[in-house]
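Student: Based on the sequences and whatever the hints tell you, model everything.
Heads up: the sequence lines are chains A and B, in that order. First residue of the first sequence: 1, per the numbering used here; consecutive thereafter. First residue of the second sequence: 1001, per the numbering used here; consecutive thereafter.
In short, the hints are calculated from the structure, not lab data. Treat each hint with caution, since some may be false.
Below, computed lysine to any residue pairings styled on SDA-like, alpha-carbon distance capped at 20 Å [unchecked claim]:
| no. | chain 1 | residue 1 | chain 2 | residue 2 |
| --- | --- | --- | --- | --- |
| 1 | A | K125 | A | R135 |
| 2 | A | K244 | A | Q255 |
| 3 | A | K125 | A | E115 |
| 4 | A | K125 | B | L1086 |
| 5 | A | K125 | A | G143 |
| 6 | A | K125 | B | T1002 |
| 7 | A | K187 | A | L176 |
| 8 | A | K125 | B | Y1004 |
| 9 | A | K187 | A | R126 |
Over the 12 Å line for every Cβ pair with chain B, so calculated as not near, a few chain A residues [unchecked claim]:
| no. | residue |
| --- | --- |
| 10 | S2 |
| 11 | A8 |
| 12 | R17 |
| 13 | T26 |
| 14 | S29 |
| 15 | G30 |
| 16 | V38 |
| 17 | A57 |
| 18 | V61 |
| 19 | Q78 |
| 20 | R109 |
| 21 | G143 |
| 22 | H197 |
| 23 | A231 |
| 24 | T245 |
| 25 | P246 |
Note that the Cβ used here is the ideal one computed from N, Cα and C, for glycine as well.
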Amino acid sequence: MSPLLEVANLQISYGNRIILRSATLTAQSGEFLALVGVNGAGKSTLLDIIAGFRRPASGSVAIAGCDQRDWNLRELSQRVSHLPQTVHADLPYTAEQLVAMGRYPHTDRWFESDEDHSFIREAMKRTHCWEHRHRNFGTLSGGERQRVLLAACLAQNASILLLDEPSTFLDIEQQLHCFNVLREEAKTGKLCIAVTHDLNLALTHCSRIVVLADGVIAHDLPASRAPEDEAWLRCFSSQLRIGKTPAGRPWVWYQ
Amino acid sequence: MTPYEYTTAAARRNLILPVCAFVASALLLPWVGAGPISLARVLHHQSPDYEILVQLRVTRTLLALVAGGALSLAGSLFQAMLRDALATPYTLGISAGASLGAVAVIAAGWQMAWGIPATWFGSLAGAFAILTLVLGGFSRRIRISAFSLLLSGIAVNSVCAACIIILGGFAGMSRTFSIARWLIGSVDSTSFASLGVLTVVVLALAVVIVSQARSWNLLAVGDQWAASRGVHVPALLRTGYLAGSVLVAGAIALTGPIGFVGLIVPHLVRSRISPDHRVLLPSVFLFGGALLAACDALGRIVLPPAEIPAGAILALIGGPYLVWAIHQRRPSEEM
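Tutor: As C-alpha cells, then:
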C-alpha cells in the first residue's frame, strides 16, 4: 500500500535564499507528526507546498499514491485541509459561518445540507467553540478564533490535516485539548502534521518528531525514541536537555 | 425544523425587504416628480402625461435601478477581493479610468455609435486600460496584495483627475459644461435600446457573480483559506476584476461617476442583514437600485422645477455617512 503522503527532494528558494534544499518525507495514515525547527527553517513553506499553495523548484508531492498535480483543486481540498498561521482576524462572519466554509469542497448546494451541519456542529463541539457559534469572528479572543479555525479544518473532513502552529494564542488547557483532538483525529486514520515550537507538546502527543534544519529533514524519529537520541535537540539550542517526568514521559528542559 | 430548513428560511426572510424595496421603487417612483401625472390620462395615452411617464420617468427609474444595482454589486465584489469594507471601484481607480474614457468621448463630441451612447465605449476602454495597467503591472506575481492595489489606485485616480481637468480645458464652453454635468453623476432619461443593452449586460454579469457567492465568502477570508478549500483563486480574481469593471463602466457611462452607492449599500447590508455573500450580493443589487432610484426621485421634487442630480443627493447622504461609518468602524466590520 502506498503511503498517504510522499514528499520527495523538494527544493524551493526565495530570491537567493534557499529555503528547502532537498526535503524528503513519507507519512502514513494514523500518524501525528510534529514538524519542528527554528524560525525560518521552512516549516510553513513545506506545509504550503504539500497544500498546493506553492510550486517547488524541483521535487514532488504524492498524495494517496497520486502526484499532487493530478488531483484537481476540489479533489485535493477533499483530501488536504490547511490551518494557516494567521488569518485576517477582522472578519464580518459568525463563527458558525466560518466553520461552514470547511464544507465547501464537499457540496455544490447553495446552502449546507443537514449532513454538512452535523459535521459543523461536531467540529465546533470538539474544539469547544459551539457556544460561540453566533458570535462575530472579529469579537472573539485570539484563542477562541484559533479554535474556530481548527473547527473549520476538522469540518473539512480531509484525510491529511496540515496545521501551522495550531496552539498559537491558546491557553495551556486549550493547547492540551487541541493536541488531544488532533491525536484522536490521527487515531481515526487521518494524518496530522502540526508545526509547533512547543517540544513538550510534540513529545507527549505526537507519534513522530520531524526536525527541519538547513533545508532538509535533519531528524525524523518516533516520539518514543526521542529521549534516547538527543542529537535532534542540538538543532534548537545547546542548552536543551531531555529528561522524564515522574509519570515517565519525556520532558525537554533548558539549563 | 432542520438546520438546512432553518438556513434557507432565514435567507428567504432576509431577501423579502430588498425585493419589496426594489419592486416598490420600480412601481411607485416613476410617478414622483415636479408635476402630478394623471393615471387616467396615462391609460388613455394622452399627452403630455403619457410621454412624461413612459418616455422620461420610467426609463429614468429603470436606469437608476439597474445602474444602482450594478454599482452596488461591483462595490461588494471589490470589498471581498480587497478584503476592505471601504474599498470600491473608485479606490482602485477603475471608475476614474472609466470616467476619463467617457470624458474623452464627450470632449471629442462623439454622441452615438451603432445606436449606443459613445460614452459606453469610452468608459469601457478607460476601465479596461486602467485594469490592464494596474493588474498587468503586477502580472509576474502570483497574488497582488490589496495594499499594492489600493496604493496604485490612489496614483491612478490622481492621474485620471488631472487628465479630465486638461481635457475639460480644451473642450470648449458647451462641452466643458457637459463634462462638468456628467461628472456630477445623474440619472437622465435614456432610450429603451440603451437601457435594454445595459440591463442584459448587468443581469448576465450579476448571475455570474452571484452564482459564485460561496467562493466570494472564502476569498473574503483569505487567498490560502479559499485555495485550501478548492477555490481556484487566480481564476476567481480574474472573473471578479473583469465583471466588476464592466459593471462599473457600463453603469457610469449612462449615469456619470455616482459615488457612495457602492460603499453605503454593501456596508449597510453586511452589518444589518448578513455578511454571507449568498444573501449579501442579491440584497446589495436590489437595495442599490432602489437607493439610486429614490435619490433620483428625491432630486426631482426637492427644488422644483430645478432637478438636483442623483449623484449630488447621494453625495450629500453618502459623505456624512462615510465619515460616520469610519468613526463607527469596529474591527469586525473591516473584512
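Student: Compare the structure with each hint and give your call.
Tutor: For each hint, the structure was consulted:
no., hint, in the structure
1, A:K125 / A:R135, "holds, 15 Å"
2, A:K244 / A:Q255, "holds, 15 Å"
3, A:K125 / A:E115, "holds, 15 Å"
4, A:K125 / B:L1086, "violated, 35 Å"
5, A:K125 / A:G143, "holds, 15 Å"
6, A:K125 / B:T1002, "holds, 18 Å"
7, A:K187 / A:L176, "holds, 16 Å"
8, A:K125 / B:Y1004, "holds, 19 Å"
9, A:K187 / A:R126, "holds, 15 Å"
10, S2, "holds, 23 Å"
11, A8, "holds, 22 Å"
12, R17, "holds, 18 Å"
13, T26, "holds, 22 Å"
14, S29, "holds, 19 Å"
15, G30, "holds, 22 Å"
16, V38, "holds, 23 Å"
17, A57, "holds, 14 Å"
18, V61, "holds, 14 Å"
19, Q78, "violated, 8 Å"
20, R109, "violated, 9 Å"
21, G143, "holds, 16 Å"
22, H197, "holds, 21 Å"
23, A231, "holds, 34 Å"
24, T245, "holds, 36 Å"
25, P246, "holds, 41 Å"
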